[in-house]
Amino acid sequence: MVLAEFSPFTALAGGMLIGAAAVLLMLVNGRIMGIAGIVGGLLGGGRDADTGWRLAFVAGLLLPAMIAGVSGGLNGPAVDLGLPVLLGAGFLVGLGTRMANGCTSGHGICGLSRLSKRSLAAVATFMAVCGVTVYVSRHLWGA
Amino acid sequence: MKRLLSAFAAGLVFGSGLLLSGMADPARVLGFFDLFGVWDPTLALVMAGGLTVTALGYRWCLRRAGPLCAVQYQIPANQSLDGRLFMGSALFGLGWGLVGYCPGPAILSAGGGVSQAWWFCLGMVAGMLVWRALEYAQLPQGRVAH
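Protein sequence lines correspond, in order, to chains D and R.
Anchor point for the first sequence: position 128 equals 128 in the numbering used here, and the numbering is continuous, going up by one each time.
Anchor point for the second sequence: position 88 equals 88 in the numbering used here, and the numbering is continuous, going up by one each time.
Please keep in mind that the hints were generated in silico from the structure rather than gathered at the bench.
Hints are supplied without guarantee of correctness; some may be wrong.
[Unchecked claim] Label-pair distances were calculated between CB atoms; the ranges are:
(1) Leu83(D) with Arg64(R): 28 to 34 Å
(2) Thr52(R) with Gly45(D): 37 to 43 Å
(3) Arg64(R) with Gly72(D): 41 to 47 Å
(4) Ala44(R) with Ala59(D): 27 to 33 Å
(5) Ala59(D) with Gly66(R): 41 to 47 Å
By construction, the Cβ of each residue, glycine as well, lies at the ideal position given by its N, Cα and C atoms.
Generate coordinates for the entire structure from the input sequences, incorporating the hints supplied.
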């Protein structure tokens, strides 16, 4: 197996920050930190009791994003994927995460942490399908 | 007000964690799944760090009577392993593997000016709205979905 260059300490520390954010949202707001749920919940049109904190969370997420964007610290996809793939993959991620009630944060971090059977099944499924997709697109497609 | 501030802080810490860990970079995410290419173990370490803190933190939270600024903890009670869960997760995995963005990093990158992430997020919002419309159509008359 060929290993990529990676930085174990920033990976662990970054993961711990993600965990700290999940704990903070549970401790103060009593809510699961699921990004698909937070964003999906904002798309209904109407306002409800959850609209405010969801908007605040997204605003908090966008602040470091803009700082990283301005300072040139963000990489997009390594290859130019083209509009149909970007739109289509985004559509699948949006539809799938809402259908399954969770994504990498909601099922992956929060669900696995509380030993949810549903989250374990979801994570095993989306990781397996993601792995097959990467294998097919990188090693079979046009190879 | 405290609920808004804590949600803002959680978003900020979450986004900083994504950036520090490298998970905002789709190449790094896809590298983890490319077992037969150049393998990048980063995602496993991010999950390990995140799960350790969250598992310990949640246990500590849930020992308290309730959250600091809300009536009660809202923990999903659904336990069923149904078709929706597997079908939705499979669709998500397919889209994730094609580009390397899951919802958090996609929104972060779009906000940071990555034009490919704008198109991805446009598709993602459309997919979420389609699911919402399908859910409404399935509901008995007069009920409101949340």
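- Would you list, in rising numerical order, the hints stated earlier that this structure does not obey? Checked against the structure, the hints that fail are numbers 1, 5, while the rest are satisfied.
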